[in-house]
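2 protein chains.
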Amino acid sequence: MAADEPFHTDELLIIGPGMLGTSIALGLKNRGFTGNICALARSTDTLKKASKSGAYSMVTDDPEQALDGATLAVIAVPLSGFRSVFAQIAEFGGPGLIVTDAGSTKASVIADARAGLPDLSRVIGAHPMAGSEKAGPLAGDPDLFAGKPCILTLTDNDDPQAVQVVTAMWRALGMSILTMSPDEHDEKVAVVSHLPHLAAVLLVQAAEELGGLDLASTGYRDTTRLASSNPPMRADILLANRGPVRRALAALIEHAEQLDQLLAAGDRDAILALLSQSRDARDRWLDRKPSSDEA
Amino acid sequence: MAADEPFHTDELLIIGPGMLGTSIALGLKNRGFTGNICALARSTDTLKKASKSGAYSMVTDDPEQALDGATLAVIAVPLSGFRSVFAQIAEFGGPGLIVTDAGSTKASVIADARAGLPDLSRVIGAHPMAGSEKAGPLAGDPDLFAGKPCILTLTDNDDPQAVQVVTAMWRALGMSILTMSPDEHDEKVAVVSHLPHLAAVLLVQAAEELGGLDLASTGYRDTTRLASSNPPMRADILLANRGPVRRALAALIEHAEQLDQLLAAGDRDAILALLSQSRDARDRWLDRKPSSDEA
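Each protein sequence line maps, in turn, to chains C and W.
If you're matching positions, the first sequence starts at 840 in this note's numbering and goes up one per residue.
If you're matching positions, the second sequence starts at 840 in this note's numbering and goes up one per residue.
Simulated from the structure, these hints should not be mistaken for laboratory data.
Note that the coordinates shown come from a computational prediction; the quantities given were computed from them, not determined experimentally.
Please note that a few of the clues may not be correct.
A pair holds if it fits inside one copy or across any two, identical chains being indistinguishable in the list.
Computed cross-link-like contacts, SDA-like style, restricted to lysine to any residue with a CA-CA straight-line distance of at most 20 Å [unchecked claim]:
#1 K973 to A1120
#2 K973 to D1061
#3 K973 to D1122
#4 K868 to K891
#5 K973 to L1125
#6 K973 to D900
#7 K887 to D1126
#8 K973 to R1123
#9 K973 to E1096
#10 K973 to S1115
#11 K887 to G975
#12 K887 to D901
#13 K868 to P845
#14 K973 to D1126
Given only the sequences and the hints, what does the whole structure look like? Please build it.
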């Protein structure tokens, strides 16, 4: 594909104009996209707010109307909504429709697409690694994605034009593109995103059981921050990525049991080595880390 | 005790003039303390920097000289150094010397004091809940403690005048005083301070084992922040507070295993309930939390 072709599509459709979807629409408009952007949503409240956001030339709850003439659809609904979205695309999408998404897991999205669509060659899975604790169309931020990485899960069967259009769209938002398989993506985010969320939840559970919150401070606050994430969205992610998440959780438990052995033995040298190695590993990562703000 | 008596002591001695000790000295000077402040340290480098900090009227590596005439000693050395400090106090401290400390655990400090001193009535254990990732005398910050809580571990045998002087000193730094037993303190900080540190270390260990750091983002960064804490200081804390830390770690492992069961069963309702309950518990704590900045 031509790496730097500018983004163009005739009719852009945002399916799920929440915070993420509206940030995409606003970001593209701000960066010079002048085509139509339509929003498809089920709830009247979301439709009203999407309309108020100024991001869309049309908002509707009718999938037939929304998909009529659409050339690129971006799915930005919760993971549990993907199946019904693919069914709508199968029913009402045109033959040349290109599809991408903003889902936090990728194997489940591909599985849902495979279950709903006869041809996946123009479905280019994406995970734009940017987020916010805010929700809804009015929380849309045109600069949400700028400077952040976007994972594309490419396959050999992809339509080259679809890859070009989707790549150009995420690039137009200021994102840097990484490519990997859906499985590699899911294993990695299980470790560095879903497991930290679970650790935060477990720390809150332990404090609820054992007490001590009157002495909790910034260490507790920061380490548990992810426990304040949106519960239904997180439940969707954990279940969609259940296999990798359980493997990551098993590793956490195993390391916890090893650490407990060192504490039981009072082995200061081994504990010090573990803490030093962990600090060094984190500091190495901080030094090399790209800028990404996803929770 | 008279709650609001101003702080006074004739000769203040900071044993261990690192970041914490020097913050105490600078904070008291900034808030009107005009008496002598002496610093006792072993390393020549620390003595030079302590001298350069402008916080002390005298710096020395001679415990006899330092303790001669001292009326209040504040121990701000790492936990592994308390035993030898109490031995120095036993040998060179005057009969009226009042002692407090800035150690992060309390039962171990009291045990070390009991092992070294014939009389503990003028030893008033303290845990000022403020910290910094910086170290050394030149990182001293006169406002480090302002607005933060300080735990005092009082007992029935305490000398009332010692309680008054020590309380007044921490108050003079702008701290709010909480009192509890050493055991209660240690159980609580195990849950809300030491366990979050261990969770951060375990997350780093899991990522080192399983990979994925190229996709790590702010969620990973914040949840693992405590893994960058000073390893020798943290090893001291974990070993000094081994019993409560192991109980907290066991609770974490148990909750992790319960969560894994829910994931294995694909029980979305139970997972959603757990996530919602955790988010609500954290948000309740955020709403009531006092200001404290300790890592």
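Here is what the structure says about each hint:
1. Within a single copy, K973 and A1120 get their C-alpha atoms only as close as 31 Å, which misses the 20 Å cut-off; across copies the closest is 19 Å, which meets it.
2. With identical chains, the CA atoms of K973 and D1061 are at most 20 Å apart both within one copy (18 Å) and between copies (18 Å).
3. Taking CA atoms no more than 20 Å apart as the test, K973 paired with D1122 passes between copies only; the shortest distance there is 15 Å, against 29 Å inside one copy.
4. Only within a single protomer do K868 and K891 lie at most 20 Å apart by alpha-carbon distance; the minimum there is 15 Å, versus 57 Å between protomers.
5. In this homomeric assembly, K973 and L1125 come within 20 Å of each other (Cα to Cα) only across copies, at 17 Å, whereas the closest approach inside a single copy is 26 Å.
6. For the identical chains of this complex, K973 and D900 are neighbours neither inside a copy (23 Å) nor across copies (55 Å), given an alpha-carbon limit of 20 Å.
7. In this homomeric assembly, K887 and D1126 never come within 20 Å of each other (Cα to Cα): the closest approach is 44 Å inside a single copy and 31 Å across copies.
8. Taking the shortest Cα distances, K973 and R1123 sit within 20 Å of each other only across copies (18 Å), while inside one copy they are farther apart (31 Å).
9. In the homo-oligomer, the alpha carbons of K973 and E1096 never lie at most 20 Å apart, since the shortest distance is 37 Å inside one protomer and 31 Å across protomers.
10. Taking the shortest alpha-carbon separations for K973 and S1115, only the inter-copy value of 16 Å comes in at or below 20 Å, while the best intra-copy value is 36 Å.
11. For a Cα distance limit of 20 Å, the shortest separation of K887 from G975 inside one copy, 11 Å, qualifies, whereas the shortest one across copies, 57 Å, does not.
12. Proximity of K887 to D901 under the C-alpha cut-off of 20 Å is restricted to the intra-copy arrangement: shortest distance 14 Å within a copy versus 75 Å between copies.
13. Only within a single protomer do K868 and P845 lie at most 20 Å apart by alpha-carbon distance; the minimum there is 14 Å, versus 63 Å between protomers.
14. With identical chains, the CA atoms of K973 and D1126 are at most 20 Å apart between copies only, with a shortest distance of 18 Å across copies and 29 Å within one.
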